[in-house]
Amino acid sequence: MEISALPDHQDLLLTGKNVLNETVLDKYRLAGQISQTALKYIISLIHDSYHLGKTSPPLTPVELCLLGDSYLYTALSSVYQKSVTEKGIAQPVSIDVNDVAVGVSPEIGTTAEKINRAFVPGDIVKISLGAHVDGYTANVSHTIVIYPPSTDASEPKPSGPLLGSKADAICAAYIATEAAISLLGCALSPEKLPGAYAGRGKVTGQMLREVVDGIAKSFGCVVAPGSKIRRLRRFLAGQAENIVAEKDFKGVIWSEAHQEFAMLQKSQKLNSEQSALVSVDNHQNFNKLGVSESSAIPTDNFVVVAGEVYSVDIRMASVSRFEAAGLVTLQNIDEFSGKNNSKDDIVAKSDVYIRDFAMNYTLKLKSSRSLLSRVEKTSSVYPFKLAHYADSFPIKTTLSVDEQRSLLDQVRKDINKQKLGLSECVNNHLIVAKKMHLAKFLPLDVILNSSNENARNSGADLTLMHNTLPGFEVPLPKLGITHLKLRSLIKHAEPIDVARESATVVLDNFDNEKRVVRLTGSTKFFPANWVHSDFKLQDETTEALIKLTQDQRFGIKVKECQPMKLTDIKGAAGDQMALD
Amino acid sequence: MSSSFTCNTCGLAFPTSGGQKEHMRSDWHRYNLKRRVAQLPSISMDTFNEKVSKMTIAEEEVDPNISKRELRKQKKEEIMRQRMELLQKARMAMMQKEEENNNTEEKPEMEENDKEEHKEDELEEQEDEDETEEAATDALLQKKLKSQIKIAPNTCLFCKNHESKDIPTNLEHMFMTHGLYVPEKKYLTNAAGLLEYLGEKIGLGNVCLVCNYQGKNVEAVRAHMLAKQHCRLPYESEDEKLEISDFYDFSSTYAAPTKSEIAGNDEDWEDVSGGEEGDEEDDEDDEEFDQDVLYNDGVELYLPTGIKVGHRSLQRYFKQDLKPEKTLTEGQGTVVAAETRHLVSIVDKKEMAVQQRVWKTEISNKKRNDKRAAKFINNQPHFRDPLLQ
Numbered sequence: 001m002e003i004s005a006l007p008d009h010q011d012l013l014l015t016g017k018n019v020l021n022e023t024v025l026d027k028y029r030l031a032g033q034i035s036q037t038a039l040k041y042i043i044s045l046i047h048d049s050y051h052l053g054k055t056s057p058p059l060t061p062v063e064l065c066l067l068g069d070s071y072l073y074t075a076l077s078s079v080y081q082k083s084v085t086e087k088g089i090a091q092p093v094s095i096d097v098n099d100v101a102v103g104v105s106p107e108i109g110t111t112a113e114k115i116n117r118a119f120v121p122g123d124i125v126k127i128s129l130g131a132h133v134d135g136y137t138a139n140v141s142h143t144i145v146i147y148p149p150s151t152d153a154s155e156p157k158p159s160g161p162l163l164g165s166k167a168d169a170i171c172a173a174y175i176a177t178e179a180a181i182s183l184l185g186c187a188l189s190p191e192k193l194p195g196a197y198a199g200r201g202k203v204t205g206q207m208l209r210e211v212v213d214g215i216a217k218s219f220g221c222v223v224a225p226g227s228k229i230r231r232l233r234r235f236l237a238g239q240a241e242n243i244v245a246e247k248d249f250k251g252v253i254w255s256e257a258h259q260e261f262a263m264l265q266k267s268q269k270l271n272s273e274q275s276a277l278v279s280v281d282n283h284q285n286f287n288k289l290g291v292s293e294s295s296a297i298p299t300d301n302f303v304v305v306a307g308e309v310y311s312v313d314i315r316m317a318s319v320s321r322f323e324a325a326g327l328v329t330l331q332n333i334d335e336f337s338g339k340n341n342s343k344d345d346i347v348a349k350s351d352v353y354i355r356d357f358a359m360n361y362t363l364k365l366k367s368s369r370s371l372l373s374r375v376e377k378t379s380s381v382y383p384f385k386l387a388h389y390a391d392s393f394p395i396k397t398t399l400s401v402d403e404q405r406s407l408l409d410q411v412r413k414d415i416n417k418q419k420l421g422l423s424e425c426v427n428n429h430l431i432v433a434k435k436m437h438l439a440k441f442l443p444l445d446v447i448l449n450s451s452n453e454n455a456r457n458s459g460a461d462l463t464l465m466h467n468t469l470p471g472f473e474v475p476l477p478k479l480g481i482t483h484l485k486l487r488s489l490i491k492h493a494e495p496i497d498v499a500r501e502s503a504t505v506v507l508d509n510f511d512n513e514k515r516v517v518r519l520t521g522s523t524k525f526f527p528a529n530w531v532h533s534d535f536k537l538q539d540e541t542t543e544a545l546i547k548l549t550q551d552q553r554f555g556i557k558v559k560e561c562q563p564m565k566l567t568d569i570k571g572a573a574g575d576q577m578a579l580d
Numbered sequence: 001m002s003s004s005f006t007c008n009t010c011g012l013a014f015p016t017s018g019g020q021k022e023h024m025r026s027d028w029h030r031y032n033l034k035r036r037v038a039q040l041p042s043i044s045m046d047t048f049n050e051k052v053s054k055m056t057i058a059e060e061e062v063d064p065n066i067s068k069r070e071l072r073k074q075k076k077e078e079i080m081r082q083r084m085e086l087l088q089k090a091r092m093a094m095m096q097k098e099e100e101n102n103n104t105e106e107k108p109e110m111e112e113n114d115k116e117e118h119k120e121d122e123l124e125e126q127e128d129e130d131e132t133e134e135a136a137t138d139a140l141l142q143k144k145l146k147s148q149i150k151i152a153p154n155t156c157l158f159c160k161n162h163e164s165k166d167i168p169t170n171l172e173h174m175f176m177t178h179g180l181y182v183p184e185k186k187y188l189t190n191a192a193g194l195l196e197y198l199g200e201k202i203g204l205g206n207v208c209l210v211c212n213y214q215g216k217n218v219e220a221v222r223a224h225m226l227a228k229q230h231c232r233l234p235y236e237s238e239d240e241k242l243e244i245s246d247f248y249d250f251s252s253t254y255a256a257p258t259k260s261e262i263a264g265n266d267e268d269w270e271d272v273s274g275g276e277e278g279d280e281e282d283d284e285d286d287e288e289f290d291q292d293v294l295y296n297d298g299v300e301l302y303l304p305t306g307i308k309v310g311h312r313s314l315q316r317y318f319k320q321d322l323k324p325e326k327t328l329t330e331g332q333g334t335v336v337a338a339e340t341r342h343l344v345s346i347v348d349k350k351e352m353a354v355q356q357r358v359w360k361t362e363i364s365n366k367k368r369n370d371k372r373a374a375k376f377i378n379n380q381p382h383f384r385d386p387l388l389q
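Quick note, the sequences are listed as chains A and B, same order. The letter at position 210 of the first sequence is residue 210 when you use UniProt numbering, and the numbering goes up by one with no holes. The letter at position 151 of the second sequence is residue 151 when you use UniProt numbering, and the numbering goes up by one with no holes.
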């Protein structure tokens with residue numbers, strides 16, 4: 001590696017700049033507010049297109065993504081114009097429908113029709129985005145339900161609740177997020193820990209996992225791989241996860257290995273010794289895993305400390321409709337056709353890229369050099385799309401839909417200029433494409449029939465390919481199923497719908513405040529859609545936890561970031577956002 | 001009486017061999033031998049002694065401790081002294097003459113005649129003896145003045161009779177035919193003066209423009225200059241530049257100096273070849289001027305416009321096209337600091353080259369050994385079918 005930060009700079013950058021103070025909180029709040037407003041804006045666009053019938057033809061995911069990015073870009077360029085040089089989109093708007101787990105943010109002009117189709121009633125749509133101001137990042141995800149257009153066109157209102165497994169997943173994701181946030185908030189005042197946790201005096205990673213797993217279980221769901229509750233630091237908001245093995249990683253992650261462990265526990269009563277043997281701990285022989293420090297390997301053995309910033313990102317998949325036991329896993333979406341999987345599979349190229357700063361290469365083409373320098377200058381360490389470098393970007397949000405569509409067409413033409421430069425950067429690993437994933441349910445008997453006890457794969461070479469964190473290269477270590485094997489088995493798997501909720505919270509202890517500043521996501525501004533689940537919470541401790549944040553007097557104080565009014569953004573169209 | 005011991009060169013006979021040997025070793029004999037080689041008749045012992053005595057007197061006059069250089073210096077000083085004396089005398093004579101003119105206007109002719117006679121006398125005296133050098137220089141001056149040929153600014157300095165219609169055409173002619181290049185023509189303000197000065201140098205002083213050769217007359221100098229291709233104006237050393245600097249005006253190249261500065265500088269430039277004091281002053285002024293507009297730190301020359309001029313010797317460093325040093329932003333620095341991936345180390349090129357050389361020699365050694373071994377694989381003289389054995 002040619003470039004490296006000096007040790008004293010390291011300390012300042014990794015810890016010094018993360019200490020909460022007024023300006024840091026202000027930047028966090030500003031990033032949160034912009035993210036919230038962008039989310040509100042996209043939801044209102046979806047309402048206009050699909051529920052109110054104002055826009056026809058309705059906006060496709062591609063257009064929604066680009067309009068959302070445009071709003072984020074314009075809003076961020078008007079804040080901290082002088083004192084902050086690095087600010088921008090922390091996560092381009094991505095819109096994942098139903099069984100798409102993460103990362104679909106197609107570029108305008110994409111040929112993949114399956115990911116750019118208009119929504120149909122009954123779809124669950126996950127909107128994810130993020131903004132950062134000076135590296136202080138606020139990410140958000142929210143799931144909404146598409147329902148038939150209402151007869152009364154003034155207000156978007158569903159005629160009835162969503163039922164079935166999708167409803168279960170949405171409920172579980174929503175409740176799990178709220179519970180996790182209030183448990184994180186308990187780190188500010190551990191004496192308020194309720195039920196079974198009372199008297200523990202601290203909030204640990206294991207507790208977070210227990211709570212989320214408990215909720216998933218009571219709703220007949222499984223926490224999908226890729227979910228995580230993790231600490232955010234300045235410029236380290238998980239945007240480069242799976243590319244950079246981050247030092248001092250602190251957080252709970254859910255992977256196939258954890259599902260495997262849960263199944264093993266269920267199948268046989270283990271004593272403590274055996275339990276230790278099968279538990280998920282990859283800290284031995286960490287240096288074989290391709291990382292230089294064991295702190296890069298995620299573990300549950302950590303304590304949540306006041307003053308930290310956490311991102312709660314929960315994806316739930318309902319497995320109650322499957323009779324046999326099975327595994328929820330992820331399948332890569334790639335652009336290669338001619339595979340022996342089913343015809344319905346999505347074939348698409350990822351259009352979100354991120355610069356890998358560990359890589360150095362002298363580019364040969366002039367266009368690729370200019371693109372790389374623009375990326376390094378404007379996007380810095382956060383992901384980007386080529387549309388962000390188009391001449392006609394950003395598109396004004398105040399324009400009418402038809403005007404916006406003509407501008408979108410202009411963007412599509414501009415992108416072609418950048419495409420040439422991109423390929424050389426990608427071929428030399430200077431820029432890495434972010435992965436897109438489909439959620440799949442793989443029956444356990446398929447796995448057991450093909451398991452191989454002796455299979456051990458360090459998997460370092462497959463890390464990039466399969467989006468895993470260090471230590472989790474082998475998805476099913478006890479069964480000896482490697483990624484390669486899992487990939488060959490995936491044709492036996494069935495698609496499964498995923499609901500996703502994510503929020504960023506600051507455990508604010510600055511000035512003895514003791515409150516949770518909820519940067520993104522909100523029970524008030526972004527409540528869950530009208531869904532009905534047959535399941536209900538069984539755990540009293542979790543119920544008590546959720547009530548804790550609602551209790552103004554004796555509970556945990558939560559301050560939510562309020563989104564701005566849409567009248568300023570959408571012009572004369574007015575504030576059509578309604579809570580349903 | 002005949003003797004067996006003789007010297008044919010000197011025409012001597014000796015009774016004993018000892019005497020002959022003695023003679024052979026003597027300087028006289030050696031001198032005669034040399035004369036004989038030069039096909040000159042031998043000289044007698046007396047003549048030789050006379051010659052030797054003359055030579056020793058001359059040698060004694062020269063102090064053997066003084067080196068040639070000092071000797072030359074002394075000679076020069078002596079000449080200078082004599083010249084000074086001469087000038088003094090000439091001045092005195094002029095004073096006297098004026099007084100006489102004032103006092104007795106009646107008989108100027110007489111005086112003049114007297115003077116001329118006197119001069120002639122002096123000339124004769126000078127020819128005879130060295131004592132009257134004053135008169136000699138005077139005469140020389142007179143002679144020169146008499147033989148002076150005035151070269152007009154519009155006539156060629158080198159041709160015998162070539163007249164152009166004006167000065168620029170004359171300069172062009174001299175440039176085209178003789179290669180006389182006038183340096184810094186842009187700043188030449190007084191071309192006529194320059195040509196007049198050069199004409200005087202050749203016509204009056206009979207001195208070559210380049211090498212200080214002094215001819216007997218104009219023709220000689222011209223012949224010399226044409227033959228040696230000395231038809232040019234030397235313009236390299238400080239002195240050479242200063243010699244003709246009167247006819248130039250470089251004030252337009254200065255970075256807006258004040259009027260007084262121009263004047264002061266002009267004076268200073270004139271003074272450069274003067275006394276030591278003048279030199280010192282000039283140096284100081286030079287430094288001041290340099291600090292204002294440009295300075296040289298040994299490697300680079302800083303021009304008043306802000307441009308830095310690199311030295312030619314460092315050309316290859318200026319020529320190289322280096323990649324600019326990478327500066328990380330805070331975000332990039334944070335991500336790099338948090339990085340724990342093991343990355344493939346970049347191959348050390350030197351080490352790799354050594355390794356490749358080793359592999360190469362290994363292969364070639366193996367090939368050679370195989371070749372050698374192959375020679376002796378089949379060492380049986382006849383084919384034997386193994387089945388029949």
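Please keep in mind that the hints were generated in silico from the structure rather than gathered at the bench. Some hints could be false.
To be verified - Lysine-lysine pairs mimicking BS3-like chemistry, simulated, CA-CA at most 25 Å apart:
{"id": "1", "chain 1": "A", "residue 1": "Lys364", "chain 2": "A", "residue 2": "Lys17"}
{"id": "2", "chain 1": "A", "residue 1": "Lys82", "chain 2": "B", "residue 2": "Lys326"}
{"id": "3", "chain 1": "A", "residue 1": "Lys364", "chain 2": "B", "residue 2": "Lys150"}
{"id": "4", "chain 1": "B", "residue 1": "Lys326", "chain 2": "A", "residue 2": "Lys17"}
{"id": "5", "chain 1": "A", "residue 1": "Lys366", "chain 2": "B", "residue 2": "Lys319"}
{"id": "6", "chain 1": "B", "residue 1": "Lys160", "chain 2": "A", "residue 2": "Lys247"}
{"id": "7", "chain 1": "A", "residue 1": "Lys514", "chain 2": "A", "residue 2": "Lys524"}
{"id": "8", "chain 1": "A", "residue 1": "Lys364", "chain 2": "B", "residue 2": "Lys323"}
{"id": "9", "chain 1": "B", "residue 1": "Lys350", "chain 2": "A", "residue 2": "Lys366"}
{"id": "10", "chain 1": "B", "residue 1": "Lys326", "chain 2": "A", "residue 2": "Lys366"}
{"id": "11", "chain 1": "A", "residue 1": "Lys514", "chain 2": "A", "residue 2": "Lys478"}
{"id": "12", "chain 1": "A", "residue 1": "Lys514", "chain 2": "A", "residue 2": "Lys114"}
{"id": "13", "chain 1": "A", "residue 1": "Lys524", "chain 2": "A", "residue 2": "Lys536"}
{"id": "14", "chain 1": "A", "residue 1": "Lys377", "chain 2": "B", "residue 2": "Lys326"}
{"id": "15", "chain 1": "A", "residue 1": "Lys417", "chain 2": "A", "residue 2": "Lys192"}
{"id": "16", "chain 1": "A", "residue 1": "Lys413", "chain 2": "A", "residue 2": "Lys377"}
{"id": "17", "chain 1": "A", "residue 1": "Lys364", "chain 2": "B", "residue 2": "Lys146"}
Claimed, not checked - Quick list of simulated restraints, FRET-style, between CB atoms:
{"id": "18", "chain 1": "B", "residue 1": "Met352", "chain 2": "A", "residue 2": "His492", "range": "42 to 52 Å"}
{"id": "19", "chain 1": "B", "residue 1": "Gly310", "chain 2": "A", "residue 2": "Lys366", "range": "20 to 30 Å"}
{"id": "20", "chain 1": "A", "residue 1": "Ser83", "chain 2": "B", "residue 2": "Gly310", "range": "33 to 43 Å"}
{"id": "21", "chain 1": "B", "residue 1": "Met352", "chain 2": "A", "residue 2": "Gln410", "range": "26 to 36 Å"}
Unchecked claim - Only some residues are given here: those of chain A computed to face chain B with a beta carbon under 8 Å:
{"id": "22", "residue": "Gly53"}
{"id": "23", "residue": "Pro57"}
{"id": "24", "residue": "Glu246"}
{"id": "25", "residue": "Thr299"}
{"id": "26", "residue": "Arg412"}
{"id": "27", "residue": "Lys413"}
{"id": "28", "residue": "Glu424"}
{"id": "29", "residue": "Val426"}
Since this is a predicted model, take the numbers as computed values, not measurements. Just so it is clear, CB atoms sit at the ideal spot from N, CA and C, and this is done for glycine as well.
A quick look at each hint next to the structure:
1. Between Lys364 of chain A and Lys17 of chain A, the direct Cα distance comes to roughly 37 Å. Violation of the 25 Å bound is thereby established for this hinted pair.
2. Annotation: proposed proximity of Lys82 of chain A to Lys326 of chain B holds, straight-line Cα distance about 23 Å (limit 25 Å).
3. Taking the CA atoms of Lys364 of chain A and Lys150 of chain B, the gap is near 74 Å; set against the 25 Å cutoff, the hint is violated.
4. This hinted pair checks out: Lys326 of chain B and Lys17 of chain A have alpha carbons roughly 23 Å apart, not beyond 25 Å.
5. With a CA separation close to 22 Å, the supplied pair Lys366 of chain A and Lys319 of chain B stays within the 25 Å bound.
6. Among the hinted pairs, Lys160 of chain B with Lys247 of chain A is inconsistent with the structure: their alpha-carbon atoms are about 96 Å apart, more than 25 Å.
7. Note on Lys514 of chain A and Lys524 of chain A: the hinted pairing holds, with a Cα-Cα distance of about 21 Å set against a maximum of 25 Å.
8. Distance hint between Lys364 of chain A and Lys323 of chain B is fulfilled; the C-alpha atoms sit about 14 Å from each other, no more than 25 Å.
9. Under the criterion of a C-alpha separation no larger than 25 Å, the hint pairing Lys350 of chain B with Lys366 of chain A is inconsistent with the structure, at around 30 Å.
10. Pair hint Lys326 of chain B plus Lys366 of chain A holds up; C-alpha atoms about 18 Å apart against a cutoff of 25 Å.
11. Under the criterion of a C-alpha separation no larger than 25 Å, the hint pairing Lys514 of chain A with Lys478 of chain A is inconsistent with the structure, at around 43 Å.
12. Under the criterion of a C-alpha separation no larger than 25 Å, the hint pairing Lys514 of chain A with Lys114 of chain A is inconsistent with the structure, at around 47 Å.
13. For the proposed pair Lys524 of chain A and Lys536 of chain A, the alpha carbon gap of about 22 Å is at most 25 Å, so the pair holds.
14. Annotation: proposed proximity of Lys377 of chain A to Lys326 of chain B holds, straight-line Cα distance about 12 Å (limit 25 Å).
15. For a cut-off of 25 Å, the pair hint linking Lys417 of chain A to Lys192 of chain A is broken: about 58 Å separates their Cα positions.
16. Restraint check for Lys413 of chain A and Lys377 of chain A: satisfied, since their Cα atoms lie roughly 23 Å apart, inside the 25 Å limit.
17. Taking the CA atoms of Lys364 of chain A and Lys146 of chain B, the gap is about 83 Å. The hint is violated against a cut of 25 Å.
18. One distance hint, 42 to 52 Å for the beta-carbon pair Met352 of chain B and His492 of chain A, holds here, with the actual separation near 48 Å.
19. Distance hint check: the CB atoms of Gly310 of chain B and Lys366 of chain A are about 29 Å apart, consistent with the given range 20 to 30 Å.
20. For Ser83 of chain A and Gly310 of chain B, the hinted distance range of 33 to 43 Å is satisfied, since their beta carbons lie about 40 Å from each other.
21. At roughly 50 Å, the beta carbons of Met352 of chain B and Gln410 of chain A sit outside the given window of 26 to 36 Å.
22. For Gly53 of chain A, the interface hint is violated, since its Cβ never comes within 8 Å of a Cβ in chain B; the closest pair sits about 43 Å apart.
23. About 40 Å separates the beta-carbon of Pro57 of chain A from the nearest beta-carbon of chain B, more than 8 Å, and the hint is not met.
24. Interface restraint check for Glu246 of chain A: the shortest CB-CB distance to chain B comes to about 5 Å, inside 8 Å, so the restraint holds.
25. A hinted interface residue such as Thr299 of chain A counts as satisfied when its beta carbon comes closer than 8 Å to some beta carbon of chain B; here the least separation is about 14 Å, so the hint is violated.
26. Interface restraint check: Arg412 of chain A against chain B, minimum CB-CB distance 30 Å, threshold 8 Å, status violated.
27. Against a cut-off of 8 Å between C-beta atoms, the interface hint on Lys413 of chain A is violated, since the closest Cβ of chain B lies about 31 Å away.
28. A distance limit of 8 Å between C-beta atoms decides the matter here; for Glu424 of chain A the minimum to chain B is near 17 Å, and the interface restraint is violated.
29. For Val426 of chain A, the interface hint is violated, the least distance from its beta-carbon to any beta-carbon of chain B being 18 Å, above 8 Å.
Checked against the numbered hints above, the structure violates hints 1, 3, 6, 9, 11, 12, 15, 17, 21, 22, 23, 25, 26, 27, 28 and 29; every other hint is satisfied.
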